[in-house]
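Q: Spelled out from the first residue to the last, the chains are:
Number of protein chains: 2
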Amino acid sequence: MLKSTNETVLHCYPGLVALVTAKWNDEKNIMAAGWHSYMSYAPPIYGVAVGKERHTHHLIAKSKQFAIQFVPAKLAHYIETAGGFSGRDVDKFERLNIAYQQGETIDCPILSESYAVYECQVKDILPYGDHDWIVGDITKFHHDEVAFDGMLPNLEKVQLPIYLGQSQYIIANHETKLTRIEK
Amino acid sequence: MLKSTNETVLHCYPGLVALVTAKWNDEKNIMAAGWHSYMSYAPPIYGVAVGKERHTHHLIAKSKQFAIQFVPAKLAHYIETAGGFSGRDVDKFERLNIAYQQGETIDCPILSESYAVYECQVKDILPYGDHDWIVGDITKFHHDEVAFDGMLPNLEKVQLPIYLGQSQYIIANHETKLTRIEK
Chain A
34 MLKSTNETVL HCYPGLVALV TAKWNDEKNI MAAGWHSYMS YAPPIYGVAV
84 GKERHTHHLI AKSKQFAIQF VPAKLAHYIE TAGGFSGRDV DKFERLNIAY
134 QQGETIDCPI LSESYAVYEC QVKDILPYGD HDWIVGDITK FHHDEVAFDG
184 MLPNLEKVQL PIYLGQSQYI IANHETKLTR IEK
Chain B
34 MLKSTNETVL HCYPGLVALV TAKWNDEKNI MAAGWHSYMS YAPPIYGVAV
84 GKERHTHHLI AKSKQFAIQF VPAKLAHYIE TAGGFSGRDV DKFERLNIAY
134 QQGETIDCPI LSESYAVYEC QVKDILPYGD HDWIVGDITK FHHDEVAFDG
184 MLPNLEKVQL PIYLGQSQYI IANHETKLTR IEK
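Protein chains in written order, with our numbering: chain A, 34 to 216; chain B, 34 to 216.
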């Protein structure tokens with residue numbers, strides 16, 4: 034039964050967590066973002082919420098560039114560990130031994146082991162409450178073709194970490210039962 | 034292996050689909066939205082992408098109010114059918130026989146069978162590409178207490194429809210294997 038409450042109900046998962054990378058001068062960083070969304074298909078535009086105090090926010094605000102990436106379940110520990118220490122103090126790529134390469138349209142590292150990557154140029158940084166909503170034009174897509182079957186992820190080939198909250202994940206894989214909902 | 038492509042990679046699922054309700058004068062409507070996100074925790078702010086041509090967009094733009102709701106798997110057909118015809122032509126609440134009640138802080142129907150509802154006052158309507166990103170201050174929360182165990186959904190009590198794409202869902206329930214990812 035539906036009951037109204039004055040306490041915040043923070044329900045938006047289960048869903049994918051995005052890894053956000055950014056670089057400014059010689060500093061690069063990576064963070065996990067639970068609040069993110071496509072905003073437009075054509076032209077492709079993506080948005081992500083980043084706290085103003087985050088080192089990644091600083092790098093994006095300076096460089097006006099960032100990348101959004103999704104990693105398979107075997108790399109879900111990147112999501113959990115990326116928040117464990119600040120990029121101000123350590124190079125997380127070295128510490129976590131993360132393979133990366135240079136973006137094609139932006140001067141920003143992209144994670145080589147991702148199955149989907151969106152390179153973005155910042156369009157707007159919009160302050161809303163305790164986060165900024167960062168809007169980016171997607172300037173280049175990358176994907177692992179093996180991980181997709183047309184538009185859908187191919188769960189026979191890639192295991193997806195679906196975040197539930199509190200470090201718990203549902204792993205979508207070849208054993209996951211899929212249900213088709215009819216109109 | 035990561036390969037760059039010029040085709041749009043529309044990957045943001047698996048995740049929850051939000052049902053959006055709105056009302057203006059005597060017209061009310063409901064639509065499914067795949068692109069939505071929390072934007073701020075305190076104060077609580079939520080965003081959702083709505084096409085300018087949608088009837089729901091018209092109702093929100095006029096009334097400056099809307100509600101975001103999440104429904105259990107047994108009602109996932111609302112998600113699939115809500116897009117099947119336009120609210121300009123039919124009353125979807127009647128047609129789909131959807132139980133609803135009046136919002137507490139907004140003049141807008143909220144779905145009585147949801148397990149989580151956010152009543153929202155429009156803060157901004159931001160045009161980005163082929164959608165508008167509608168930002169709302171959450172003015173009231175509702176939830177089904179049975180469906181939650183603290184902050185997490187209680188999968189013993191509620192089955193969640195996790196949208197994969199193309200009308201396919203992963204049903205998160207008591208049989209879903211949960212994996213804890215360690216740092």
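The reader is advised that the hints may include incorrect statements.
Intra- or inter-copy, both count: the list cannot distinguish identical chains.
Simulated pairs of lysine-lysine, BS3-like, Cα-Cα distance not exceeding 30 Å [what the hints assert, rightly or not]:
id, residue 1, residue 2
1, Lys173, Lys36
2, Lys156, Lys216
3, Lys210, Lys190
4, Lys85, Lys173
5, Lys210, Lys85
6, Lys95, Lys210
7, Lys173, Lys95
8, Lys190, Lys95
9, Lys85, Lys95
Please keep in mind that the hints were generated in silico from the structure rather than gathered at the bench.
Q: Each hint should be assessed against the structure and marked as holding or not.
A: Results for each hint:
1. Lys173 <-> Lys36: between (45 Å within a copy, 11 Å between copies)
2. Lys156 <-> Lys216: Cα proximity of Lys156 and Lys216: none, with 38 Å in one copy and 33 Å across.
3. Lys210 <-> Lys190: Classified as both: same-chain Cα gap 15 Å, cross-chain 19 Å, threshold 30 Å.
4. Lys85 <-> Lys173: both (26 Å within a copy, 26 Å between copies)
5. Lys210 <-> Lys85: Answer is neither; intra-copy 40 Å and inter-copy 35 Å both fail.
6. Lys95 <-> Lys210: neither (45 Å within a copy, 42 Å between copies)
7. Lys173 <-> Lys95: within (20 Å within a copy, 37 Å between copies)
8. Lys190 <-> Lys95: Classified as neither: same-chain Cα gap 38 Å, cross-chain 47 Å, threshold 30 Å.
9. Lys85 <-> Lys95: Within one copy, since 13 Å is at most 30 Å while 33 Å is not.
In summary, the numbered hints that this structure violates are 2, 5, 6 and 8.
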